[in-house]
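Take a look at the letters that make up each chain.
Number of protein chains: 2
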Amino acid sequence: MNEQDTEAERRHREKMVKRKAVQDAEVASKTIAQKALLIVHTGPGKGKSTAAFGLIMRAIGHDWHVGIVQFIKGAWATGERRTLDHFPDQVRWHTMGEGFTWETQDRARDVAAAEAAWGKVLELMADPTIRLLVLDELNIALRYDYLPLAEVVETLKTRRSDLHVVVTGRNAKPELIEAADLVTEMVAVKHHFGAGVKAQEGIEF
Amino acid sequence: MNEQDTEAERRHREKMVKRKAVQDAEVASKTIAQKALLIVHTGPGKGKSTAAFGLIMRAIGHDWHVGIVQFIKGAWATGERRTLDHFPDQVRWHTMGEGFTWETQDRARDVAAAEAAWGKVLELMADPTIRLLVLDELNIALRYDYLPLAEVVETLKTRRSDLHVVVTGRNAKPELIEAADLVTEMVAVKHHFGAGVKAQEGIEF
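Top to bottom, those sequences are chains A and B. Anchor point for the first sequence: position 134 equals 134 in my numbering, and the numbering is continuous, going up by one each time. Anchor point for the second sequence: position 72 equals 1072 in my numbering, and the numbering is continuous, going up by one each time.
Incorrect hints may appear among the rest.
The calculated DSSO-like cross-link candidates involving lysine-lysine, where the alpha carbons are at most 27 angstroms apart (straight line), are [claimed, not checked]:
| id | chain 1 | residue 1 | chain 2 | residue 2 |
| --- | --- | --- | --- | --- |
| 1 | A | K198 | B | K1015 |
| 2 | A | K120 | A | K157 |
| 3 | A | K157 | A | K73 |
| 4 | B | K1173 | A | K20 |
| 5 | B | K1035 | B | K1157 |
| 6 | A | K30 | B | K1020 |
| 7 | B | K1157 | A | K35 |
| 8 | A | K190 | A | K173 |
| 9 | B | K1157 | A | K198 |
| 10 | B | K1020 | A | K73 |
| 11 | B | K1073 | A | K30 |
| 12 | A | K15 | A | K35 |
| 13 | B | K1073 | A | K35 |
| 14 | A | K157 | B | K1198 |
| 15 | A | K190 | B | K1198 |
Stretch by stretch, here's where chain B covers chain A in the computed footprint (C-beta under 8 angstroms, at least three residues) [what the hints assert, rightly or not]:
| id | stretch |
| --- | --- |
| 16 | 7–21 |
| 17 | 35–47 |
| 18 | 52–58 |
These are calculated hints, taken from the structure and not from any lab test. Every residue, glycine too, gets a C-beta built ideally from N, C-alpha and C.
Generate coordinates for the entire structure from the input sequences, incorporating the hints supplied.
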């Protein structure tokens, strides 16, 4: 190692010592040890449902039971279903929607489907074995006023204290964001659809 | 159903017919049927590695073989590992990093770990059975110049044509974004750390 390397090493180490101090202080500032989170994945980019699916698979690795209610049929597909089929004892999955709302073109049917889905949510919330509940595309049902927003938000806020909930979908309502502990917006920086590439099997469905 | 309902129904249907036409036109405009994607998950928010993990689990559902190289040890944890252990024939997983760089405070060791990890990447890229390769936290190794950027980007760009690659980590280099097909930025809208809540087992690790 020559002198220049040594100097670079030293500077790197100094910088990292400072970085670690900041990191350690941040960790130490957290005093609430356990809190079930209300998580929202929103924004126009990819990854909202996929990250929720990742959370489900992580929870399964912790031997948790999970519930999934899909407000829009078709948002998840073969790949997810076949993977989840490996864990039948840990997963309760309900697909309640009737396809994207611009496919059905029937508001009354969409409202009925959303209400049925919400009924399933209440059922799963009451099951004490479930530790994680994913409400996929609930934001779309709220956006089109298929469900009463205030009631939905209040029910999520007053849920039992050991239940993590993940809500996905674009255009999350401000009231839901206000109630949430963790909100991530997925932003599309670049998309292959713009380059004329179709959705890819195995990756997107 | 009263008259007002009928009118609302009609307006909804008209709007959705238009929405569907836009959607259909967009789908029809895609002419490239198959293309393995170079995907980047970046940004300061949560969900970068979790969405990559979700992609892995979806790919597993399609019976694909996947490769995972972690450039930073500790970014993934027990939950993921225990889930992936259910699919030993489909997963090749290498953890090469030595912990976050501000923990090691040793640049030479970090560079050596990054180089060893990149060696594994080349090995997995050469395995024709692998359809999806996740390079977790590669962006951190590139940000600290632990690896030669131009060489890494060129290798990813010239990979075999049936291999999807996902790169995660904050601060993705512009050169990598330029080369990628799909780039999503995860933005933190709200975070429970700000409310003094610790990272939650089962959800965050």
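Against the structure, the hints come out as follows:
{"no.": "1", "hint": "A:K198 - B:K1015", "verdict": "holds (25 angstroms)"}
{"no.": "2", "hint": "A:K120 - A:K157", "verdict": "holds (17 angstroms)"}
{"no.": "3", "hint": "A:K157 - A:K73", "verdict": "holds (26 angstroms)"}
{"no.": "4", "hint": "B:K1173 - A:K20", "verdict": "holds (23 angstroms)"}
{"no.": "5", "hint": "B:K1035 - B:K1157", "verdict": "holds (12 angstroms)"}
{"no.": "6", "hint": "A:K30 - B:K1020", "verdict": "violated (47 angstroms)"}
{"no.": "7", "hint": "B:K1157 - A:K35", "verdict": "violated (43 angstroms)"}
{"no.": "8", "hint": "A:K190 - A:K173", "verdict": "holds (25 angstroms)"}
{"no.": "9", "hint": "B:K1157 - A:K198", "verdict": "holds (19 angstroms)"}
{"no.": "10", "hint": "B:K1020 - A:K73", "verdict": "holds (16 angstroms)"}
{"no.": "11", "hint": "B:K1073 - A:K30", "verdict": "holds (23 angstroms)"}
{"no.": "12", "hint": "A:K15 - A:K35", "verdict": "violated (33 angstroms)"}
{"no.": "13", "hint": "B:K1073 - A:K35", "verdict": "holds (26 angstroms)"}
{"no.": "14", "hint": "A:K157 - B:K1198", "verdict": "holds (19 angstroms)"}
{"no.": "15", "hint": "A:K190 - B:K1198", "verdict": "violated (33 angstroms)"}
{"no.": "16", "hint": "7–21", "verdict": "holds (count 8)"}
{"no.": "17", "hint": "35–47", "verdict": "holds (count 11)"}
{"no.": "18", "hint": "52–58", "verdict": "holds (count 6)"}
The structure does not agree with the numbered hints 6, 7, 12 and 15 stated previously, though it agrees with the rest.
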